[in-house]
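Chemist: Please construct the entire structure, taking both the sequences and the accompanying hints into account.
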Amino acid sequence: MGSAMLGRLKEAEELLVMMKMEKGCVPNRRTYNCLVDGHCRVGEVDTAKSAVSRMKEEGIEPNVVTLNILIKGMCRHHGAGSADSFLIDMEKEGLKGNVVTYMILINAYRNVNNIEKVMHWFDQMVEAGCSPDAKIFYALISGLCQARRDHDALAMVEKLKRAGLSLDLLAYNMLIRLFCDKNKADEVYEMLTDMEGAGLKPDSITYNTLISYFGKHKDFESVHRIMEKMREEGLVPNVVTYGAIIQAYCSAGKMSKAMEVFNDMGSHSKIFPNTVIYNSLIKAVCKLGNLKEALSLKEDMMKTRVRPNVETYNALFKILKDKNQIETVLELMDEMVKNSCEPNHITMEVLMKLLPEIGEAKNLKKFLQGYSVASSTEKYAPLF
DNA sequence: ATAGGGTTAG
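Counting in full-length UniProt numbering, the first sequence runs from 1 upward without gaps.
What the hints contain is simulated information worked out from the structure, not anything from laboratory work.
Hints should not be assumed to be uniformly reliable.
[Unchecked claim] In silico lysine-lysine, DSS-like type, Cα no more than 27 Å apart, as pairs:
| hint | residue 1 | residue 2 |
| --- | --- | --- |
| 1 | K161 | K135 |
| 2 | K303 | K321 |
| 3 | K161 | K216 |
| 4 | K117 | K92 |
| 5 | K254 | K229 |
| 6 | K182 | K135 |
| 7 | K229 | K303 |
| 8 | K338 | K323 |
| 9 | K292 | K257 |
| 10 | K182 | K218 |
| 11 | K161 | K257 |
| 12 | K257 | K216 |
| 13 | K292 | K303 |
| 14 | K254 | K303 |
| 15 | K254 | K218 |
| 16 | K287 | K323 |
| 17 | K201 | K292 |
| 18 | K292 | K229 |
| 19 | K270 | K201 |
| 20 | K117 | K135 |
| 21 | K182 | K254 |
| 22 | K318 | K270 |
| 23 | K49 | K161 |
| 24 | K318 | K338 |
| 25 | K20 | K10 |
| 26 | K323 | K270 |
| 27 | K135 | K56 |
| 28 | K353 | K287 |
| 29 | K353 | K323 |
| 30 | K254 | K201 |
| 31 | K303 | K257 |
| 32 | K216 | K303 |
| 33 | K287 | K321 |
| 34 | K270 | K321 |
| 35 | K201 | K257 |
| 36 | K254 | K321 |
Modeler: Written out as structure tokens, the structure is:
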């Protein structure tokens, strides 16, 4: 971004000067807030602050909107920590935040998974006499679910209900997901019942979450029962539904079942397998030591233009190492480079073990720099 | 055009 936007900001500043020169055309607080926001959006937080000083000099006091614009800008460009201390300073000067102010901070800390700070600012908000609205509660419940804090999440649900508010489908889905992760079936059912009582119907995300849960526990009877119910409700299985079922069969070692669902996908529906689904299958056949099948699935991906990702290659590197197929490792390393697929620490771990076979560190370094390793004459542009 | 938000398969 930057230059074009910065250019327009310069125009805005010039316009402001012109406004001041014309009689009866006085920039007001809104004018300044717009300008402050513009500077914040391009990351010029300091310029934004000096615009605030200028507005003060002209006798216009910044309001809570000005404060929120700055807090948001600081969170975005300087991190939540700086916005945090800035608000504390502002509060000392008597400027009070509102629900929006706390929402900005709560979400900033939620985004970096700092749940302590999320809770801290929720408490601060209540202490400051702000009554939280449903959106605030949803943000908090989301943060608590992400942090896997099921008890705290339920406590927050209680607070929301006491405030006369209720959960929506999205919030229920997050909670159901959390209880599935924690393997708390009773709580899952409780949520589903509660949801029904609130007049909310499960959507495909709810169903997919449940299918994945029962799949993980190899309870295929429940998986099918839920799929049946899903169809009765007029919901169509999507790529995630199929992915969950295929993954379930894979982890149960039922490869023929997994392949059956996989093959049915394209023919019985217009839903086609994606990278996640191919990876489930490739990982499963690798685990069974079936290199040929793994490579053929990867070829199938290339043919159907489903992009392999780093997980695909890592699974293949592992089995190729076990089977001592160095030539293929080198070929796949080149293919990764060609497809701009970035290696990760797992890739490096596997390849490091193959160092002598790959031809010492030289080739690994070339690989990392984006050069061909299979044939030393070929050369690609460095990609990483 | 003055400020705020969250979900599913590996």
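Chemist: Compare the distance between the alpha carbons of K257 and K216 with 27 Å, and conclude whether the hinted pair is satisfied.
Modeler: Between K257 and K216 the Cα gap is close to 15 Å, so the pair holds against 27 Å.
Chemist: Are the Cα atoms of K292 and K303 separated by 27 Å or less?
Modeler: holds (16 Å)
Chemist: Is the straight-line distance between the alpha-carbon of K201 and that of K257 27 Å or less?
Modeler: Not satisfied, since the Cα-Cα distance of roughly 30 Å exceeds 27 Å.
Chemist: So if I understand the rule, the pair passes when the alpha-carbon distance is 27 Å or less; does K161 with K257 pass?
Modeler: The hint is violated at about 44 Å.
Chemist: CA of K287 to CA of K323, is that 27 Å or under?
Modeler: Distance of about 12 Å is within 27 Å: holds.
Chemist: Does the alpha-carbon distance linking K292 and K257 stay inside the 27 Å limit?
Modeler: Holds, at about 19 Å.
Chemist: Is K292 close enough to K229, meaning Cα to Cα at most 27 Å?
Modeler: The hint is violated at about 38 Å.
Chemist: When you check the alpha-carbon spacing of K49 and K161, does it fall within 27 Å?
Modeler: Measuring from Cα to Cα gives roughly 40 Å; hence the hint is violated.
Chemist: What's the verdict on K353 and K287, does the C-alpha distance respect the 27 Å limit or exceed it?
Modeler: Holds, at about 19 Å.
Chemist: Compare the distance between the alpha carbons of K254 and K201 with 27 Å, and conclude whether the hinted pair is satisfied.
Modeler: Not satisfied, since the Cα-Cα distance of roughly 32 Å exceeds 27 Å.
Chemist: Does K292 sit within 27 Å of K201, going by the straight-line distance between their CA atoms?
Modeler: violated (45 Å)
Chemist: Holds or violated: K161 with K135, Cα cutoff 27 Å?
Modeler: Holds, at about 13 Å.
Hints 3, 7, 11, 17, 18, 22, 23, 26, 27, 30, 32, 34 and 35, counting from the list given before, are not met by this structure.
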